[in-house]
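Protein chains: 2
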Amino acid sequence: MKKVTLGIDVGGTNIAFGIVDREGNVLSKSTIATPQCNDAVQYTKLISNEIQTIINKADDCEICGIGIGAPNGNYYKGTIEHAANLTIKGIVPFIQLLKEQLNCTYNISLTNDANAAAMGEMIYGGARGMRNFVMYTLGTGVGSGIIVNGDLVYGADGFAGECGHTMLVPGGRTCGCGINGHLESYCSAGGMKRTAFELLAYYNANDSLLAQKSFATLTAKDICEAALQGDKVALEVFERTGDYLARGIADTIHHLSPEAVFIFGGPTAAGELLFAPIRNNLEKYLLPVFKGKARILPSQLKLGDAAIVGASALAWKELEKNQ
Amino acid sequence: MKKVTLGIDVGGTNIAFGIVDREGNVLSKSTIATPQCNDAVQYTKLISNEIQTIINKADDCEICGIGIGAPNGNYYKGTIEHAANLTIKGIVPFIQLLKEQLNCTYNISLTNDANAAAMGEMIYGGARGMRNFVMYTLGTGVGSGIIVNGDLVYGADGFAGECGHTMLVPGGRTCGCGINGHLESYCSAGGMKRTAFELLAYYNANDSLLAQKSFATLTAKDICEAALQGDKVALEVFERTGDYLARGIADTIHHLSPEAVFIFGGPTAAGELLFAPIRNNLEKYLLPVFKGKARILPSQLKLGDAAIVGASALAWKELEKNQ
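The listed protein sequences derive, respectively, from chains D and F. Numbered per this note's numbering, the first sequence spans residues 33 to 355. Numbered per this note's numbering, the second sequence spans residues 33 to 355.
Calculated directly from the structure, the hints in this document are not laboratory data. Quick caveat, the model's predicted, so the values are computed rather than measured. Treat the hints with care, as some may be off.
No copy labels: a pair is met if it fits in one copy or bridges any two.
[As the list claims (entries may be wrong)] Pairs of lysine to aspartate or glutamate, EDC-like flavour, derived with a Cα cap of 20 angstroms:
| # | residue 1 | residue 2 |
| --- | --- | --- |
| 1 | K353 | D183 |
| 2 | K325 | E350 |
| 3 | K264 | D189 |
| 4 | K109 | E291 |
| 5 | K325 | D189 |
| 6 | K77 | E113 |
| 7 | K323 | E350 |
| 8 | K61 | D183 |
| 9 | K325 | E113 |
| 10 | K34 | E55 |
| 11 | K316 | E82 |
| 12 | K131 | E304 |
| 13 | K316 | E352 |
| 14 | K131 | D254 |
| 15 | K316 | E268 |
| 16 | K353 | E257 |
| 17 | K323 | E113 |
| 18 | K316 | D254 |
| 19 | K121 | D71 |
| 20 | K35 | D254 |
| 21 | K245 | E113 |
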């Protein structure tokens, strides 16, 4: 029997499930719509049913554990706590409910999606063999996962690794969390759009390709495409986003001195448009002792599968810890 | 025979040695002037001679290891690297030279002074039993030591934990490292003096007790004494310093979610003058998930002995790791 783990990604819209082998190959996957009920038992029942279905189908595999990436997932307690974009409120004993419903002895572990992505990078991706690195995930928000001495940093409460909410510009842009000026409000996909509109206004750039889109419809992908066509405003959005990221990453390096910082997410599709300004600006924000050390690398995880693959990596790590 | 370790603190002016028991009691200590030669062999010979002397005197003790706190001390390599305020330049194989000269089998370990202080807090101080905390040391500079899962974070290169050089005010005050706006330039003893002079200038405060001192002579201790006498400018220096620290600590909490943040150093003698504004301001800089969690605590290490006690703690930790 092939040894595999089951990775589960809980999102606001869908929940994805994947059977993943030790090399990170997704052998099978499925998706259900995220339950929209408030009742935690009913909510988890819909998930445990799908777990049972996918496990039953994978009858040629030995399931070595289940890993779950979920918003505000608490690794220590197996709970999902006050997740803003899920309908289950308060502190939900997520793993306990699943175990009861599955009536199983599977080891089930849980953390947030950015932490799971960092684990995926370490188990299957570009961070194989690294013991100290950091992962930044760029998307609707900016998440992060921190690996120290070969394991995720969960902190005292299970919620460590919120580099997206470090201060970038004191008194700067509003951030979804309510505190102005956080990195996330500059470097998320939405942050890039805000930078684009600031620059359109500043340059009065009616001739920019970006000038044809409304604020409500412009996406980070549009900015990327415009930049690849040489649009000056779009190019400057990437320059500035790279510089913002460099400043945030410098603070992270001054805390943790990682071997590498991986960047994951949609905006990394722009390649050197994003990475060159990060690398070029980073050096000037670093103490001499850190200059030229930490590498800034694109994640090696596939964008589509990263969430389930990351979650499945969590299960492999638990297996390793228990051996 | 009583089990003890030898703690050594290498400073720019003096090198302090102390025999310390497992409870953190300093059983004996001595000091030599820091060598001022460039030759590393000659330099370390003066230190190894004193080590031999203090060990010979402690003939009723079993020396279980030696710990050293030194500027730019690299834990992994046992080297002191490019230490600005020592006369030995480049990368010095400090532990290797000491071992050769002592012709000994003692386990010798080395890190920087702020990391050693954090270890001291964990082994003997207020952090006993904690597995995730951070130590900020306020003095000529601002140092830090980070404990994750019960051990110091050394990072990929041995130099992690430079929270004093995270960005507080982009484009702000000059910092000794050459990058403007770092936390250190606001929260070190010298940073407090700079805040005092900014406030004197802003308020045109000729009646402040601090208005009697020149920039070259005003100290953080003067500011503390003036604040205790109710001087408004001095009180505002503490208010602002506490707020600056709160902002830096918030970024640290968003990275690491520690159980507590300990503050060590001369300015903590001001007690609640410093701690109240840190605690009062911190909450507004934290994500909801972190509010009311990490405690902000004064270090329990004695100011005078902290450096050798911290270094000695490093040796106890190594012993624990090797068991």
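Okay, the hints, checked on the actual structure:
{"no.": "1", "hint": "K353 to D183", "verdict": "both (10 angstroms within a copy, 17 angstroms between copies)"}
{"no.": "2", "hint": "K325 to E350", "verdict": "neither (30 angstroms within a copy, 27 angstroms between copies)"}
{"no.": "3", "hint": "K264 to D189", "verdict": "neither (45 angstroms within a copy, 39 angstroms between copies)"}
{"no.": "4", "hint": "K109 to E291", "verdict": "between (30 angstroms within a copy, 16 angstroms between copies)"}
{"no.": "5", "hint": "K325 to D189", "verdict": "between (31 angstroms within a copy, 9 angstroms between copies)"}
{"no.": "6", "hint": "K77 to E113", "verdict": "within (18 angstroms within a copy, 58 angstroms between copies)"}
{"no.": "7", "hint": "K323 to E350", "verdict": "neither (35 angstroms within a copy, 29 angstroms between copies)"}
{"no.": "8", "hint": "K61 to D183", "verdict": "neither (27 angstroms within a copy, 39 angstroms between copies)"}
{"no.": "9", "hint": "K325 to E113", "verdict": "between (37 angstroms within a copy, 15 angstroms between copies)"}
{"no.": "10", "hint": "K34 to E55", "verdict": "within (12 angstroms within a copy, 52 angstroms between copies)"}
{"no.": "11", "hint": "K316 to E82", "verdict": "neither (50 angstroms within a copy, 41 angstroms between copies)"}
{"no.": "12", "hint": "K131 to E304", "verdict": "neither (45 angstroms within a copy, 48 angstroms between copies)"}
{"no.": "13", "hint": "K316 to E352", "verdict": "neither (39 angstroms within a copy, 40 angstroms between copies)"}
{"no.": "14", "hint": "K131 to D254", "verdict": "neither (44 angstroms within a copy, 62 angstroms between copies)"}
{"no.": "15", "hint": "K316 to E268", "verdict": "within (19 angstroms within a copy, 33 angstroms between copies)"}
{"no.": "16", "hint": "K353 to E257", "verdict": "neither (44 angstroms within a copy, 53 angstroms between copies)"}
{"no.": "17", "hint": "K323 to E113", "verdict": "between (39 angstroms within a copy, 14 angstroms between copies)"}
{"no.": "18", "hint": "K316 to D254", "verdict": "neither (30 angstroms within a copy, 35 angstroms between copies)"}
{"no.": "19", "hint": "K121 to D71", "verdict": "within (9 angstroms within a copy, 65 angstroms between copies)"}
{"no.": "20", "hint": "K35 to D254", "verdict": "neither (42 angstroms within a copy, 67 angstroms between copies)"}
{"no.": "21", "hint": "K245 to E113", "verdict": "neither (38 angstroms within a copy, 53 angstroms between copies)"}
Against the hints set out earlier in the document, violations occur for numbers 2, 3, 7, 8, 11, 12, 13, 14, 16, 18, 20, 21.
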